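K.L.:
When you line the sequence shown up against mature numbering (1 follows the signal peptide of the UniProt record, and there is no 0), it's residues -27 to -1, 1 to 158, in that order.
The set of hints was computed from the structure by calculation and includes no laboratory data.
Predicted model only: the values in this text are computed from it and were never measured.
Virtual Cβ for every residue (Gly too), placed ideally from N, Cα, C.
Take these hints with a grain of salt, some might be off.
Derived lysine to any residue pairs resembling SDA-like cross-links, with alpha carbons at most 20 Å apart [stated by the list, open to error]:
no., residue 1, residue 2
1, K112, G100
2, K118, F67
3, K54, Y79
4, K54, G11
5, K96, L153
6, K45, M150
7, K112, H44
8, K112, K96
9, K96, L129
10, K112, G122
11, K45, Q76
12, K118, Y37
13, K43, H110
Ranges between beta-carbon positions, derived for each pair [stated by the list, open to error]:
no., residue 1, residue 2, range
14, D57, P108, 35 to 43 Å
15, W82, D41, 34 to 42 Å
16, P86, Y37, 39 to 47 Å
17, S88, F151, 21 to 29 Å
18, Q76, A13, 23 to 31 Å
19, Q76, D41, 25 to 33 Å
20, A13, W131, 21 to 29 Å
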Amino acid sequence: MAGSILRTLNSCLGAALLCALSNMACAADTDSLSAGGGSALSGWTFGYAPYTYHFSDAKKEHDYEPDDEKHKYVWLVNAEKQLDERQVAGFAYFSNSFGQPSQYAYYGWQFRPLSGTPQLFFKLTGGVIHGYKYPYHKKIPLNNKNGWGLTAIPALGWNFDEHWGGQLNLLGKSALMFQLNYSIR
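The whole structure should be built from the sequences, with the hints applied where relevant.
P.N.:
Encoded structure:
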């Protein structure tokens, strides 16, 4: 029951955050148009991932892990800057599959492979991840006991219009994360 309430509250907070960012962006666009320049937030995308599908149940892999481990609710918020036509850099804050607060600072590339379908994009990011700490530090590769590691995340996305888009992030062989994005142009 408490988990359900927490998920609902988290979804509402994420939706409120995206709405607030949307309103800020509209105000910034209006101000920049009247001033004749680009918005200070141009090129930024803000994302919220309210749901992650795990391919299997959490299972004990090492003696030091808890016996009755279950996946926790996973959510993510992020900010990403489009550096040029293909390059992006960003930062994500999320709750990992084991309920630990985590961060991901990354750099990556975004490709639009089909010229007839510019809404479709593929993205590959890589960077430093922190938060998968003992006893879950071995749940992701290239990670140490203190929770610092390296990772790469491929994604497939679709832009619904100039501002709104959706994205699927493949989290290794463990999960698929569903993300909603708002971009400021």
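K.L.:
Which numbered hints are broken by the structure, listed smallest first?
P.N.:
8
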